[in-house]
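Protein sequences, first through last, are from chains H and V.
Take the first sequence: its letters are residues 541 to 778, numbered as in our numbering.
Take the second sequence: its letters are residues 541 to 778, numbered as in our numbering.
No lab work stands behind these hints: they were computed from the structure.
Treat the hints with care, as some may be off.
Unchecked claim - As a list, the in silico DSS-like pairs of lysine-lysine whose alpha-carbon atoms are at most 25 Å apart: (1) V/K589 x V/K565; (2) V/K751 x H/K648; (3) H/K669 x V/K644; (4) V/K690 x V/K648; (5) H/K751 x V/K642; (6) V/K565 x H/K565; (7) V/K690 x H/K669; (8) H/K690 x V/K690; (9) V/K594 x V/K565; (10) H/K642 x V/K751; (11) V/K642 x H/K648; (12) H/K751 x V/K648; (13) H/K581 x V/K648; (14) H/K644 x V/K669; (15) V/K644 x H/K751; (16) H/K690 x V/K669.
To be verified - Example chain H residues on the side facing chain V (calculated, C-beta under 10 Å, incomplete): (17) L550; (18) S552; (19) S557; (20) A561; (21) E562; (22) N566; (23) G625; (24) I649; (25) S661; (26) T673; (27) T674; (28) R678; (29) E723.
Yeah, the Cβ is synthetic: ideal placement off N, Cα and C, and Gly gets one too.
Protein chains: 2
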Amino acid sequence: MVLYLVGLGLGSIDYMSLKAAEEIKNCYTIYLDTYTGFISKDLMNWLTKEFYGKLRLATRRDLEDNLGRILEEARETGIAILVPGDPLIATTHISLLVEAAKRKIPYKIIHGISIYSAAVSITGLQAYKFGRTTTLARFGDPRETYRIIKENLERGLHTLVLLDTADGGLTIPGALRKLLEAEDSLRYGIVREDTLAIGLARIGLQEELVKVAIVRELITESYPPPPHALIFPGELHF
Amino acid sequence: MVLYLVGLGLGSIDYMSLKAAEEIKNCYTIYLDTYTGFISKDLMNWLTKEFYGKLRLATRRDLEDNLGRILEEARETGIAILVPGDPLIATTHISLLVEAAKRKIPYKIIHGISIYSAAVSITGLQAYKFGRTTTLARFGDPRETYRIIKENLERGLHTLVLLDTADGGLTIPGALRKLLEAEDSLRYGIVREDTLAIGLARIGLQEELVKVAIVRELITESYPPPPHALIFPGELHF
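Model the full structure from these sequences, guided by the hints.
Written out as structure tokens, the structure is:
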């Protein structure tokens, strides 16, 4: 049989592909990755109802430590692993495919819409003017992220900063405070109170909000709940 | 009424989102952008059949010169403009939204799966290790593309090179020949016969092919028809 690695898209039912919706219907067990990305309540309810008795919520541990068991299950019946976004953008799941290949278990990848492209496109900025993308963890050192913004800026490029979605998610104001701290420590002069940035909340979801303003304003704005992201523009082409 | 700007995804029916399929059903006229990306024969046949009498094939000229007429149509009834991939990644369509906003015509964006993320993810390379993405035109100077590959490589980053899809599309061998010419002219020593690269053909479509090899081998390989893309890896993390 087949292991399906299925991208759910931006986290709402709307953004599942026709292929994803179709293929998982035929699967015997459906594991839902609950740790690499965002799943809206609506989508969660829909999946629970639609796949009652077949759906298993999977933590990182389930998909790593019990990987062998899941893969052997896929040898016998159709198994789907559902992942928010594109199932391979976070790369966590590539090990799953490597292991499946070793065990000669056939697999199929179903791409999903990723925040990696949607956040870029929604701003109207040119995709070709983006440098390296980075992430900011909720409890971690922001200085590496800050260095990447600097590296891109020096070449005139925009930076997409994806914000941690775990445990309720890192917010735009929370992320900006962390970056202002990094500035205090590194003194690059890149993110300051008067720096222009773009705050992105719940891209592709109903409450989607895109706000272009200086940091001081972005930090006091109110937003719908995460997932949030930030863009620091490089040279603007208009 | 509303102007829907709808991403079709990777070019097959499979990769349309549930939302896209649903929303366009209610539209009075459906314009299909035939110039910014790839649409498979199957998808074209499906759209033609499904939206018989409503579907208009639109060239760049139609969507630029006749923009005003289309927008005024959207004021009265639901209009959809279908675009391969994500409708805003190519940025051509942002002017449409700017004009709609000026005329106070409401619009909705429906994201699609973009090659910009799918090509990155399918390789298993870390998205965070990609530098700036670039494109290579079928009839154009490859030296700018070559400079971007160099710029990324100097920072240890991977480069995604999207290949022109117009007029049958630029192939992997065709693109590599152009880049070898750029090397002859610029002498950066980056793309040579023994350089490792990744050839990507028809990502997300049934005949999908990913081939990792040195340029000499990639150039003589046979591929399914375009769309094609290339990745030049920077530092590999395994």
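Evaluation of the provided hints:
no.	hint	result
1	V/K589 x V/K565	holds, 12 Å
2	V/K751 x H/K648	holds, 17 Å
3	H/K669 x V/K644	violated, 29 Å
4	V/K690 x V/K648	violated, 38 Å
5	H/K751 x V/K642	holds, 19 Å
6	V/K565 x H/K565	holds, 23 Å
7	V/K690 x H/K669	holds, 15 Å
8	H/K690 x V/K690	holds, 19 Å
9	V/K594 x V/K565	holds, 10 Å
10	H/K642 x V/K751	holds, 19 Å
11	V/K642 x H/K648	violated, 45 Å
12	H/K751 x V/K648	holds, 17 Å
13	H/K581 x V/K648	holds, 22 Å
14	H/K644 x V/K669	violated, 29 Å
15	V/K644 x H/K751	holds, 19 Å
16	H/K690 x V/K669	holds, 15 Å
17	L550	holds, 7 Å
18	S552	holds, 8 Å
19	S557	holds, 5 Å
20	A561	holds, 6 Å
21	E562	holds, 8 Å
22	N566	violated, 14 Å
23	G625	holds, 8 Å
24	I649	holds, 7 Å
25	S661	holds, 4 Å
26	T673	holds, 6 Å
27	T674	holds, 6 Å
28	R678	violated, 17 Å
29	E723	violated, 21 Å
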